Amino acid sequence: MLRAVAAGLALASLVVLPAGGAAAAPPAGPLTVVTTSRDLQALVEAVGGERVAVESLASPLQDPHAIEIKPAQLTLLRSAALLVRVGLDHEPWLRRALATAAPGGARDLDLSRTVALLQTETPRLRADAAPHAHGFGNPHYWLDPENARPMTAAIAEALGRLAPAARGDFEARRRRFLERLDAGLLRWRAALAPYHGARVVTMHDTWTYFAARFGLTIAATVEPTPGVPPAPAALAALVERMRTASVRVLVAEPFADPSLVRAVAARSGARAVTLVPSVGGDPDAGDYLALFDLNVARLAAALETAR
Amino acid sequence: MIDLLALPFAACLLLTGIHAYLGLHVLARGVIFVDLALAQVAALGITVALLAGHPPGSPAAYWYALAFAIGGGLLFALTRLRRAPIPQEAIIGVVYAVSAALTVLVVDRAPQGAERIKQLLVGSILTVTGGDVATLALLYTAVGVAHWLARRPMLALSFGGRDLGGPRVLAWDAVFYASFALVVTSSVRVAGVLLVFAFLVVPAAIAALLVRGLTRRLLLGWLVGAGVSAAGLVASYRWDLPTGAAIVSAFGGALALTAAALGARASARAVRARGLAALRPGALALAALVALAGLLLILVPAMDHLWLDAVERAAPSVQEAFLTPGERAAGREARQAVARGEAQLAEMRALQQDVQWGARMLDAEKQERLRQFLAGRGELMAGDRMVLRTLRANARERQRYWLGLPLLALGAGGVLVLARRYLPS
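If you're matching them up, the sequences are chains A and B in order.
For the first sequence, my numbering gives the first residue as 1, with consecutive numbering after it.
For the second sequence, my numbering gives the first residue as 1, with consecutive numbering after it.
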């Protein structure tokens, strides 16, 4: 089946090739940009405005590691002028997709190169510390709002290269976005300042960047390997430490196993709070800034009642 | 340990109670995969519920799952024809594959549920609640009582004997599959597909291997289910393993042990009857394996020779004999360095954890130094491990002929001698 699809695509590519060559001339309409996540889509839209048409391959609550790409998305990848992705080992499915539908001359923008990564211990060291899915550093770097600066800079630069005429426009939009981001940072820092140094336990390794930015300490992770439930002894030790260290907040993602969240919260006496790791993961997290407004409000409320 | 494992164990007992019984039916009917198929149909029901706007954990989702599973069960009852041109397993397999595919198609329309559905299929026996256990107890008791009341037609249908008339077969088959669907849908929510399958098939299979008669098989199945799930739970606690997977593996181990014991008994009988000649086929297989191991060592010394690694771990001299004195000293040093490094890393990691938990205080600069120390230590140890790997590779190059050739000769000679009897003279 796969092979048949691949063969079909190969045939299609032969047919489309001349048209693809013609498309190399400066495009008239908006630039087609494909991103691998809704967060990156939000950032590209913030910089590109109506000059770009952005599609995300993953929906906000899908497991970003396990996407099954669809024919329409392959077509999109082929016709896109720019591919923006999280990088690291966040999109293992992308390599195969690109091999089948290498976008004709599209630029590939790996945003992980633009930020300072956390948890970059080498895979072999990680392997003997604890099983861990992120061999090349933690990929959830978009959850530090400060990282939006270098990320949007790289996006503006890439867009500017594809549409040199609009370069000034992209820069201006980016400046306006960063002004709103700065205002947001003031707001979020102020909201979380009373809880500086507070300890939380998270379900998964998603919140490392977020916690580092806002001065929270992640004491432990319930499921170090996503999808593999913790062993009973590990769970017992974790709950015990949560009690003695009086960690009162458990941060969960919307896709975390609800029965595990319930069990840890009930046994440790901690309050579970669901934070959204991706734009669109909640109706109230419609864009990049709203994502942080929502998460900071929820977290501050949880930390306040837990005090 | 007790407080953490008490509820999961209670759930395991309940699961054993109903599934060991249903397992006997399933084995007798030869519809082993009906359980997986119904679980998958139930998952499809949950996905459809999701599309209709009900979250996966809600009661509505459960009713959807149940309705779908019972529908699937009725389909199986309908397709159990007397002289069917295809085996029923074919239909069960098709239902499994198609419902799994439909789940993917439906989930694609409502992506936010994909994770939850995966979790439902994996289950989480460790985090089962008192409410779950009480519900299961009530439900399974009801199903058990119903089966007891209807035992005569049920047993006749599954285990043969009396032949019932046509429409009555269909009716009782429908009852059987509907109750089966009810049990599977409820169990999978708590324990996950794999564990439920293990509870269904393994105790019944072990009992069928060991004793005759339905009552004795049922009693033995219950004992086996209770004992093995307790062993799996304890192993999961003792060795830090994910609980559901540990119990499933324990069931697999129990079945393998039973089969091995039966095999050993059969060989012992054969030896008593026919002398050592009865062991010839086994010896032949062993000799062939030895020859293969020797051949692989000669041909590809760099591949993973797991048996040789194990031998060398047990008796280091097997490797050291092939090393120069200098290499031996380097190996000793590297091993000591790794052991020291591991101890140090464990200590430092404990300190780091204490700091994270707030049990000990460390200023930011010291924390950063600790992090760097851990990273650096890890690199050094990786270097030491590489020394050990290189030494092993050196030894393998020499073992290649000094060990590989004798093994090949021994194994091949053994095969020739033992197989001579089977060859035409």
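Treat the hints as calculated values from the structure; they're not laboratory data.
Heads up, some of the hints might be wrong.
Claimed, not checked - Now the stretches of chain A that chain B is said to cover, found in silico as 3 or more residues with beta-carbon under 8 Å:
| # | segment |
| --- | --- |
| 1 | 175–185 |
| 2 | 218–229 |
| 3 | 232–244 |
What the hints assert, rightly or not - Simulated coverage check for chain B against chain A, where a stretch passes if three residues somewhere in it have a Cβ under 8 Å from a Cβ of chain A:
| # | segment |
| --- | --- |
| 4 | 123–131 |
| 5 | 233–243 |
| 6 | 361–370 |
Predicted model only: the values in this text are computed from it and were never measured.
Note that CB positions come from ideal geometry on N, CA and C, so glycine has one too.
Numbers of unmet hints, in rising order:
1, 6
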